[in-house]
Structure formats: structure tokens, C-alpha cells
Amino acid sequence: MEIPYTAKIRPDTGLYNAKLGIWLFLASEIMLFGALFSSYILLRVGAEPGTWPQGLLNVPLGTFNTLVLICSSVTVVLGWAALKMNQFNKYRIYQGITILCALIFMVVKSFEYHDKFVHYFVRLNDGTEMNGHIEGNPMFMTLAKLKQQNKAEFVFHPDAPKADHKEEGNAGVAHATMTIQTADVRKLESWGPWHNTFLAIYFTLTALHALHVIGGALVIFMIWGPLAGMWKTDPERYTNRVEVSGLFWHFVDLVWIFLFPVLYLL
Amino acid sequence: MQPKTHDTKHHDAHAPDHHELGFWQKYVFSTDHKVIGVQYGVTALIFMFFGFLLMMAMRWQIAYPGQPMPLVGGLLESILGDVASGGVMSSDLYNAFGAMHGTVMVFLAIVPLAFGAFGNLIIPLQIGAPDMAFPRLNMVSYQSYVVGGVIMMVSFFIPGGAAQAGWTSYSPLATLIPTDGQTYWLIGMIFLITSSLLGSVNVLATIIQLRAPGMNWMRLPFFVWAQFVTAFLLLLAFPPLEAAGVMQLMDKVFHTSFFLPTGLAVGGEFADISGGGSPLLWQHLFWFLGHPEVYVLILPALGIVCEILANNTRKPIWGYKSLVYSALLIGFLSFIVWAHHMYLTGMGSKISTFFQTTTMIISIPSVIILTCYFITLWGGSIRFNTPMLFALAFLPMFGIGGLTGLPLGFNFSDLHLHDSYYVIAHFHYVVAPGTIFALFAGIYYWFPKMTGRMMSEGLGKIHFWLSLLFMNLIFQPMFMQGMAGMSRRMADGGANYSQAVVGEGATLTDTIMHLNTTISWAAWGLALAQIPFIWNFFWSIRSGKKIESDNPWNATTLEWQTPTPPPHGNFVGPIEVHRGPYEYSVPGRSTDFTPQNEK
Numbered sequence: 013m014e015i016p017y018t019a020k021i022r023p024d025t026g027l028y029n030a031k032l033g034i035w036l037f038l039a040s041e042i043m044l045f046g047a048l049f050s051s052y053i054l055l056r057v058g059a060e061p062g063t064w065p066q067g068l069l070n071v072p073l074g075t076f077n078t079l080v081l082i083c084s085s086v087t088v089v090l091g092w093a094a095l096k097m098n099q100f101n102k103y104r105i106y107q108g109i110t111i112l113c114a115l116i117f118m119v120v121k122s123f124e125y126h127d128k129f130v131h132y133f134v135r136l137n138d139g140t141e142m143n144g145h146i147e148g149n150p151m152f153m154t155l156a157k158l159k160q161q162n163k164a165e166f167v168f169h170p171d172a173p174k175a176d177h178k179e180e181g182n183a184g185v186a187h188a189t190m191t192i193q194t195a196d197v198r199k200l201e202s203w204g205p206w207h208n209t210f211l212a213i214y215f216t217l218t219a220l221h222a223l224h225v226i227g228g229a230l231v232i233f234m235i236w237g238p239l240a241g242m243w244k245t246d247p248e249r250y251t252n253r254v255e256v257s258g259l260f261w262h263f264v265d266l267v268w269i270f271l272f273p274v275l276y277l278l
Numbered sequence: 084m085q086p087k088t089h090d091t092k093h094h095d096a097h098a099p100d101h102h103e104l105g106f107w108q109k110y111v112f113s114t115d116h117k118v119i120g121v122q123y124g125v126t127a128l129i130f131m132f133f134g135f136l137l138m139m140a141m142r143w144q145i146a147y148p149g150q151p152m153p154l155v156g157g158l159l160e161s162i163l164g165d166v167a168s169g170g171v172m173s174s175d176l177y178n179a180f181g182a183m184h185g186t187v188m189v190f191l192a193i194v195p196l197a198f199g200a201f202g203n204l205i206i207p208l209q210i211g212a213p214d215m216a217f218p219r220l221n222m223v224s225y226q227s228y229v230v231g232g233v234i235m236m237v238s239f240f241i242p243g244g245a246a247q248a249g250w251t252s253y254s255p256l257a258t259l260i261p262t263d264g265q266t267y268w269l270i271g272m273i274f275l276i277t278s279s280l281l282g283s284v285n286v287l288a289t290i291i292q293l294r295a296p297g298m299n300w301m302r303l304p305f306f307v308w309a310q311f312v313t314a315f316l317l318l319l320a321f322p323p324l325e326a327a328g329v330m331q332l333m334d335k336v337f338h339t340s341f342f343l344p345t346g347l348a349v350g351g352e353f354a355d356i357s358g359g360g361s362p363l364l365w366q367h368l369f370w371f372l373g374h375p376e377v378y379v380l381i382l383p384a385l386g387i388v389c390e391i392l393a394n395n396t397r398k399p400i401w402g403y404k405s406l407v408y409s410a411l412l413i414g415f416l417s418f419i420v421w422a423h424h425m426y427l428t429g430m431g432s433k434i435s436t437f438f439q440t441t442t443m444i445i446s447i448p449s450v451i452i453l454t455c456y457f458i459t460l461w462g463g464s465i466r467f468n469t470p471m472l473f474a475l476a477f478l479p480m481f482g483i484g485g486l487t488g489l490p491l492g493f494n495f496s497d498l499h500l501h502d503s504y505y506v507i508a509h510f511h512y513v514v515a516p517g518t519i520f521a522l523f524a525g526i527y528y529w530f531p532k533m534t535g536r537m538m539s540e541g542l543g544k545i546h547f548w549l550s551l552l553f554m555n556l557i558f559q560p561m562f563m564q565g566m567a568g569m570s571r572r573m574a575d576g577g578a579n580y581s582q583a584v585v586g587e588g589a590t591l592t593d594t595i596m597h598l599n600t601t602i603s604w605a606a607w608g609l610a611l612a613q614i615p616f617i618w619n620f621f622w623s624i625r626s627g628k629k630i631e632s633d634n635p636w637n638a639t640t641l642e643w644q645t646p647t648p649p650p651h652g653n654f655v656g657p658i659e660v661h662r663g664p665y666e667y668s669v670p671g672r673s674t675d676f677t678p679q680n681e682k
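Protein sequence lines correspond, in order, to chains A and B. So our numbering is basically just the index in the first sequence, starting at one, shifted up by 12. So our numbering is basically just the index in the second sequence, starting at one, shifted up by 83.
Just chain B, with the same shape it has in the complex:
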């Protein structure tokens, strides 16, 4: 005997969803792709800051080995105990921080930010979809990521501390270090892999199934293409690491010998194991993920930069089709280059030659993409706003990172450079001033879409110029240190090693050693340079300049053709696509941009 009006209201499927959800359903257990995207983004930024903190502590130990850490030394001792006694970082703690810096940055910060946050926020909007294809899986994907992250964090506080065998966790070292940190690491990884599996299935299904009418493949913004290839890499490259993780977990927990060879001696005695395993097997399985993972880190960044370049040069992107095919080729080739990380394992020159060849081939599509971006700049009327500055800086920074990779891809020159600071400098140029700059560009660019307010341009420019300066001060000297022979995993920054041979022909000269201090101060400077960003981010949510239209950058892609912020369901009416993604400055039009949904 309910009143009739109640009933009809409940079943009115055509009305937009306006019923209010409670706090928990709206912000914590949300299935809306935009909320999940923001959740991913905020969590990943926190992890990125944490990963940076680990490295800043390590930089003290490298610059001033054996000296108590100022400011945080006492705090570390009271939290972690003996490993930081007297506020001095022990080698064990250095190793743990090093392993976790890599793990946190790659698996908990960059990938979740580039793929989880930007993918979730932007893809459905850019293809004209109401949400992701599987909203509930999307929520589970985020939750699984958080659980994995929490397990990783908890491992710092167990007896023996976190994993210490590097983010690559090579066996037998990883298996034999007497801490359960590695077990936590492996279990954490299994959650993270589950998260990325669900995320990638979701992204692929969304792009394939939910494109709006008229949005055919060659009308997709390049950002969507980049995420599409990224999702395939995550889908197919992560499972072998999961298999390897399960096997290492078996080695750790059930004392199997998957990665432990016959006759393995520990502390002068034969280990009580059945033996017969292969340490090389772990490396193959790890790098089978590890190399595609590199492209997982860079492809979304290339996508973001593409959007911002087209928008701020007010020109169509040059060579859209070559970009798409290059991205697909990179995706395919990235599965057959993994062993260039393993030239020094003695796997044989024939295998090395194969992987050296594929590695050189994969640099071609990367160079094509970069060239297209540079040509896009030609003759454009460029707007130098903060997102554009970061996107522009990305080009030479990624270029330096990429070109310095060539000597590592040749096995003869890799013999000298392997495992040195040169390697650190190379891949940080790709990921830090490369990918992270692109991510910053993306945050500045899409911030008004999510909040309705702009971030401050002034603070943004301070953030940009200081970051650019310090990034280069940090990583440029590392090339020199690496070429001089400084190994990358020494807990004292090479102090002992440099004193082993004194005088003429000393292994590491004073000049090279002094660079340690320069780099460390630059790293702390980089931390200070992030303060304007953090302030800008939170301040602008409430007090930034309000945008006057839904399309403040005068962009063409669909995410700007919605209300701000987009409501649940994204678009107010049915949306139809009539043109390609980058129709800027089309002759004969009254505006210099033509949105994709305009006839």
C-alpha cells in the first residue's frame, strides 16, 4: 500500500542519476571512474613522496657515509631500532631503502598514477563512454592496489626489515637474506599484479566496447592509444612475474629450490636445500615483465604530452598515424628485448646478439614518436603555460634518457657501464624528468576539468623551473660517476672502494667522489622545489581561479565537451563523433579549434 508516486520515481530509468550517495559509497567504495581515478592519483602521489623520502635519506648516507643523519636520524632510530642506531644508516637499512625506493616508485607511484589515475579519469571521457566497462572490478582493482601497498609498508616494521635485494629481487640473494621482508614483498606484489590485471582488462574492454558512435579507431586521441598499448603490456607481461613470484615464495616459505642451484654455499657451508634450480630463470622471468614495464612507464607519458602539445601549439599533431603504429610496434617489440638487462650473466653471445638487435630496432619507433612531437612544434603559435612547459621539457629529457640507453643496449659497451651510476642516470632521465614531468603536465592540464578551478600559473612556473634545474643537477653528474666506474649499489657511496687504490690510477678520483655531495644537495633542493606544487594543488582546489567555460584550454577532445566536473554518467546527452582528435586551426572555421563532436 505504498503511495504510487514513490514507485514510479524509483523505476524511472531515463532520469539522470541524482540520488545522493552516502560518504562511504561516494568517496571510498565508489564505482565511478572519476572518483576511482582521483583515489588512484592521490594515493600514488603520497607513495611517490614517500619513495622520494627514502631516497633523500639514502643520499645522506652516500654523501656523508657513517655520519648520523640530521633531523630524521633520531626519528628513524626510534621507529626502526638497531638498523639506524645513533641515527646512522646501516648497510642493511640502506639496502632496504634502496629496494623499496625502486619498488615504491615503479609499482606504487608511477604506474598507478600514469595508468590507474590518468587512465581511469581520462579514457572514458575521451572516448565518450559513461563509465568504465566494469565499474565494480575497477573499485576492486584500486582496493587491491591499496592492500598491496599496505603490505609493502608494513614490511618496514617487521624484525629484519623490508626486502633488501633491490627492486629486481634476484635470487638466490633475495631468498637467503634473513628477513621476512622479501616474503611481504612477494605477497604485496601478488596483490599489485591482481590490481593491474583487473585494471588492464577494464581499460581494454572500455576502449574496445564503449567508444561513442563515430569514434572509430583512427579518431581516438593518441593518449587513448598509448593507454591501450600500456594495458596490453600490463595484461601480458605481469603474469610471468607473478609466476616467478609464486616460485620465489615457494623457495622462501616451502624451501623449494626453483632458483637455488645445486651446491649453493651460505656462510662457508652447503645450504640444506634440494638444489637443481636456476638463478638465471628468475632473471628471465623478472625482465620479461621488467622491460615491458619500462614502456608501461613511458607510453602514458607520451600520450599525455601529445594531448598537451597539440592543444598548446594550436596545430594538429604531426604524423598521427605514425604515432599510432609506432606505439603498437613498441608494444610488440618490448616483449622481445628483455635480456639486454642480462648481458653479464654469461648467457652466451648468440643470445646477446639477438637481444642487442631487437633493442636497437625498438629505438626506431621511440625516435619516430619524439620526432613527430618536435615537428609538431614547427610553425605553431605556442602558448607557454605550465602544462606546456612540462611537456616541452619532457622532450629533451626523454631524449637524453633514450639516447644514453643505446650504449647500454650494445653488449660490448654495456660490459663497462653495467650496474654503474650511468645506468641509474639513464633510466632516471627517462622516468624522473621524463615520465614524472609528463605526469605533472597532466595534473596541471586536467586539474580544471576535475575541480572547476585552475592551478596557479605563477607557482606552477616556479615549480617547473626549479624542478628542471635540480633534476639535471642530480642526474647529469651520475653519468660521469658511472663512466668513471662507480658501482650503483654501494652503501657508502664508494668511499671504501675509492680508498682501496690511492694516488696515481686511483679507482675513483676526488672529483668523482665530491659529486656525491653535489647530487645529494640537489636532491634535497628538488624536495624544496615540490613545496610550491603541493601548496598549489591543495590551495587551488578551494581558491584557484574559477574557469569561465567547460573548455578552458579551448581543446578539441571529448573530455572538455562535458559539464565541469563531469556528472555521474559523464555526458548530458548522447554524444556523436564526427572528426579526428586534433582539428586545431582548421581554415574557414570561426574558432581555432573544432571539437570532435561538432558537425
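Excised from the complex, chain A in its bound form:
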């Protein structure tokens, strides 16, 4: 039993099975990210005027990552084109760069995440609110954890107030290292998704996107390395695999092209 059109193109549709499959899958993915983008719009429109935070993210890093992904999309196409011209070694190099780009993207992303996890919001019992860093840069510190560790006080470095940088509640607070008594703290939380709705949608969207980057890079790597033997036995099907994984990669890239302006710039 042979399933038809696994590698050959069906004349009346002009597609082989996997190519149709990936397009259908991408249609579904568009609905997934579309729903999240719609949620972003509705949450932002529904927020109290003036409360939606802006400028919390590192624009240069985001720009760099955008360029990295665009570069990887180009090399995916070049790799596939190289296979079509029977130049396997060229394909190896190009697709190698793609995988490297994916790695760079993830490393930069994890630095961005880390920045948020060591950044804190503090509200004292007297109502003072501050943002800044705790000495020693611990991640995910909470009031409960402080009490559990029997820390009566901790050293806090408040953020410098920036004129062009609207941040919550640190206007008027002096930029000086201070020691805060744990007993004086009413609320302490890092800038994780729980901190506000913007960070919630930022982490949800970018984490889901990052999962797609990891998944896509893994598939491209598997085809590039462990499964490359197929180039010898069934080159047509191998090229198709590269094409299909490339289509997915373009989609992942495209999602980021939308994510970057929406989250970093607007």
C-alpha cells in the first residue's frame, strides 16, 4: 500500500500532501495567535485611560532579535534553493546559520526575561511605591519567601527616574540605595506576568512564540543532522521536508514581525 502524493505533486491541486498539511496547520496557528492579538487589543482598549504601561521593554534588544529572525528566514530560503540546485554542502551551511540564529534569539530572549524577573515592585505600609532591584539580584523574590528566610531587612536599589520613561509610581522617589525593613513591606513582587496585564500578555505571547521557535529549530535541526541520510535515498522527499519546515519557520518569523512593534513600540 502506497499513499499517493507524499512526494509527487497532485496535478489538480498542485500540492504534495505535506505542503497542504502545513498550510492548513498554519491557518490554525493564525487563529491561535490571532485570538491572543485580539485579546491584547481588547485588554488595552478596555484598560482605564492612562494606566496601560509603555516603554517597559528593551527596544534595542528587540530590534536586534528582529534582525536575527529576518536573517534566519533568508537563510532558510537559501538553504532550500541550494538543495533544489543539488548543492547539499551549501544547504548545510545556510541551514546551520538558521539554527544558530534561533539559538541567538533564544539567548537574547532569556536575558530579557531575566531582566524582568530580577526587577521588583515594592509597596510599603506607608503607601510608598517603588520599582528597583534587590541587592544580590535574586529572581522571583516574594514577601512570603523573605519571611521564610527570616530576613528582617534587605538592600534595595530604586530605578533612576527617567523623564521620557513613564514607569509606575517612582516619580519623586530619590535614586539612592536604601535598606528596607521586611516588616514595613506590604507588597513585593517581581515584574513577572502577575505584575500587570501588559506583562501578562507580553509573557504569554512571547513564551508561546518562543515555544514555536524552539519547536521549529528542533525540527530543522533534526532534518539537518540526524535525518540527513534521506538526501541520499529520497532527495525529492528530503527537499520537501526542508520546504515544509521552512514554511513553518517563516510563520514563526512573521509572528515576531507583528509581536515586536505591538509589544515594544506601540
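These are calculated hints, taken from the structure and not from any lab test. Keep in mind that a hint or two might mislead.
[Unchecked claim] Below 25 angstroms or equal to it, Euclidean Cα-Cα: the simulated PhoX-like pairs (lysine-lysine) are: (1) A:157 <-> A:102; (2) A:199 <-> B:335; (3) A:102 <-> A:244; (4) B:335 <-> A:128; (5) A:157 <-> B:544.
Got chain A; can you put chain B on it based on the hints?
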């Protein structure tokens, strides 16, 4: 230095696959669409029975609130503990059973049976394909469904029990109920959504790519069309629920506030949340899936009924093209009617008017389909076998379900009927005596194809008449209860509510309250009526009447033009299609049916 004969045998690609597979590869990790179809079918039937058990327990609590359950009360207490202490169902347990009844029935029983089982079994056979386009994805799809189901089942046994916020899981309620059941529910849903995503990609690719030569679009049996539209709905409507599920999971696990508004108070105190979320957002995303899901439940049923009607009236189906276009129109419109579930949320009369209009428009193609079926009966020489009885009963039952939906689709009448037993009666008429009857019809109809034996007609008829009787005894009174104002989610069947205002102008009269008992006994009667079916199903596999030909119903479509049961690869030789799907009683032919592959 291997013997040469060995080598050639191994590479002989033209011989049919006859090498024997081991048990695990053949029945558990199979990539054959027929085995996967049967796996889907059996698993879904078990889940359907389980969902029914949940409801039977709830019906006791509704009819006899606060009284210990007979037979199963002690068992429930020993398994679930405090929530069923003394064998009495607590409100928490009632809520959990209610939420899980809906979830199990929709996501674990009906859709996997209608789409997973029938789609897998029948589509490749009807279009003349050797298998699905992606057999391994097909296997993963089934496994993902099982994993999702197991997670849902495990949630019954965790501290606090299963999800309690209804199958719709409205936030903030779903987020704030102190049980991890909702987290299990969400993770289970993500597996189920993955399963349906893989399934729908597979079905679409199969129908588009693997049609046999000559099987052009207008020669597809209507069942295939129905599954085609269903697959599109699953492909495009489920992801928004997945997005919503991820966000609710974030709310639950990482304490975000996607669906939690600013100033939310729990137990008299402000909740420790950042706020700024929107409860309405969940409802929009949920119903964006939820409404297409309704058509996912009904379209495969319409497809099955169409096949059986044409076969047993011995006539071409009336208006094949209108059926196809109606199904496509339903598929499109089903994406823009979702907010008719939300008239009472205060989203505004302009939006309500839009959704009311689209809702009325979508009833037109549904009525066209039903009308075509009725006209098909006209002048036919009808064979009243069991599949046909179920298919015939489907027509008025689905008709009642559909027509009683109109008052819910108008926002002014929905104000009164919303969230009452009327709603329950309406959608159960569509799904229970509607879709489930069609599924039964399909099981009786295609059983001989899979096993080579017929199911017993006698037992089948007992099953049919009793089911028809009890289904109507259950759901007809609910219309009255709903119109009298009985709310649908009360754990005591409205006992407290009816006593709140006694005497003249009482909110719920004794007559209405007594119907609770009638309905409950009818529900248990319906359970008894399924015994002939279960017996028939298993008994017939081994001892049913053997079929004399591969085409016992004298049908025209391709699934009957194969050996019984179809071998791996389905067809013995290359197959070519020369005609439409329903060429029955063609004048000048020696038989009253002309198979699609006959010249």
C-alpha cells in the same frame, strides 16, 4: 551472504501488505485508519456511557434533593470522600458532575465518535483512498485524545475534585473555585485541542489530496462533505479556545489577571491580583469555539443520515447541490453567530442585533438540509430497518431542537429563557435524540462493513423504540420547566427556590416541580434501554448473522465496493469513479443501485 530469495521478497513493493504485525502494532499503535477509527469509536462510547452515569447521579439529586443515593451512594462516598458523605451528593459534587458531564459528552464522546471514529473509518473508504494522508499523525491524534481524557478523569480524584464551573468555564468563577480541577481541565483541553487539530488537518488533506481518479468534488458522498466542513470548523475555531485556555491557565497558575477585573472581591475582601482583565473576553473566546462546535456536533450526523436515507429510500438524495452549498454556508456563518450565547452580558443592543440577524440567517441552510431530507422520502419505497428508523427519528427530533432554538436566537425572548431548563431541552434535542440517534444509525449501518456480520434487527428495534420514548419523556417536560422559570444550574432541582414564595404566585408550582421525578425516572429508563444495544454490539461481533455479500445494503458508495472487512490499503485494485454518489433506481439498469465505480 543472505539467501537471495529473502532479499527479493522484502523489496517486492507491488505485493499487498501481508506481513503480520504484532499485537501492539496491530491494535494499539496502529497507523491503519480503520483500526484508529475503531479505537476512537470504542473509547468514545465508553466516555459517553460515563458521561451518562454522571447525569444519572445528578438526576437523583434533582428529583430527591438531600436524600442518600441508592445503589451508588456508598460507593461514591468511599471513592470521593466528604463530597458524598452519607451517600448524599453535595452541591460541590453536583457542580463537578455537571461541568464534567458537559465536557465529557461534547469533547470526549460525541465529537470523537462523530468525527474521529466515523471520519476515520468512512472517509478514506468513500473517496477511494488507501488510508489517511498522514497515518502517523492520525495515531498521535488518537493518543493525544486518550491522554486528554485520562487527565480529565484523574481530576475527579484530586483534593477538591474536578472542575466545577460548567463546561463553559466562565471566569472569574472558574479561576476562583478553590480546586485544581480547573487546571486539570485546562491541561486536558490542550491535549484534546491538539488531537482535534491533527485530526482535522488529516481529514482535510485526505479529502483534498487522496480522492480516487474520477472522484471530483460533486461526486463526493454528502457524508464526506459534512466531514470536510466539520474539519474546517475544528481547524479554525478551536485555536481561540486554546488561546483562552492558555490565558486562564496563566490566571490559575501564574496569578495573572486576564479575565479578572479590577476591584474583584472574594469573600468580602479585595482579591490580591493586579486586575485590569475582562471576564467578557473569556466568554467571547469560548463561544467563538462554542458555536462552531455546535455545528461540529450536528454536521457529521447530517452526513450519516443522508447516506442512510438515500440507501433505504432507494432514491437519489433530493437536492444534492443545495445540501453541499448549505453545509458550506453553515460552516461560514457558524463563525459569526457566537455572541447569541451572550445576550445577557450587557454587551449592547447594537451587537445583539447583529448576532440576532446572523443567527436567523444560519437557520435557513439548516432548514434547507432538513427539507431536502423530507422531500427525499417522498415516493420512496422505504426499508424500515434499524439504521433507517434511527435516521428517520433524527429528522423530527433535530427539527424540534432547531425550531426551539429560534426563541433563544431572538434577544428579547432569550431574556426570559436564558439559562433555564428550556435551553437544556433545546440543545439536548439537537444533540441527544438528534446527533446520538444519527450516530446509532451509523453504527448499525456500517457495523457489517467492519465485522462482516449484521447486528440483530430485533434487539435494534427494541433499542430504538425505547430510546425514542424515553428521550422525549426526558426532554419534553424540560421545555415546560424552563418556560416556568426553572434555572438550569440549581443543585437541588429548584426545591429551595420554589419554597421561597409559597402559595398564590409561587415561583415554581408543584406540577413543575413534580416533573423532576418524571424526568429522572425516564433518564434511568433510558439507561435500561441501552442494554439491548450493548448486548447486541458485543454479541453480534462473534455471533451476528453473517453477511452474504460485501454490499449487504445494496449501496452505491465506494466503502461497499471493498472486501469485508477492508484489508490494509482498503481496495484490491485501482479504483476509478464514473458517477455520482446516489444513483439508486436508475431506469434501464438491472439492479436498483449503481455503484460509483461501475461504468
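Hints and how they fare:
no. : hint            : verdict
1   : A:157 <-> A:102 : violated, 53 angstroms
2   : A:199 <-> B:335 : holds, 20 angstroms
3   : A:102 <-> A:244 : holds, 16 angstroms
4   : B:335 <-> A:128 : holds, 21 angstroms
5   : A:157 <-> B:544 : violated, 67 angstroms
Violated hints, listed in ascending order, are 1, 5; each of the other numbered hints is respected by the structure.
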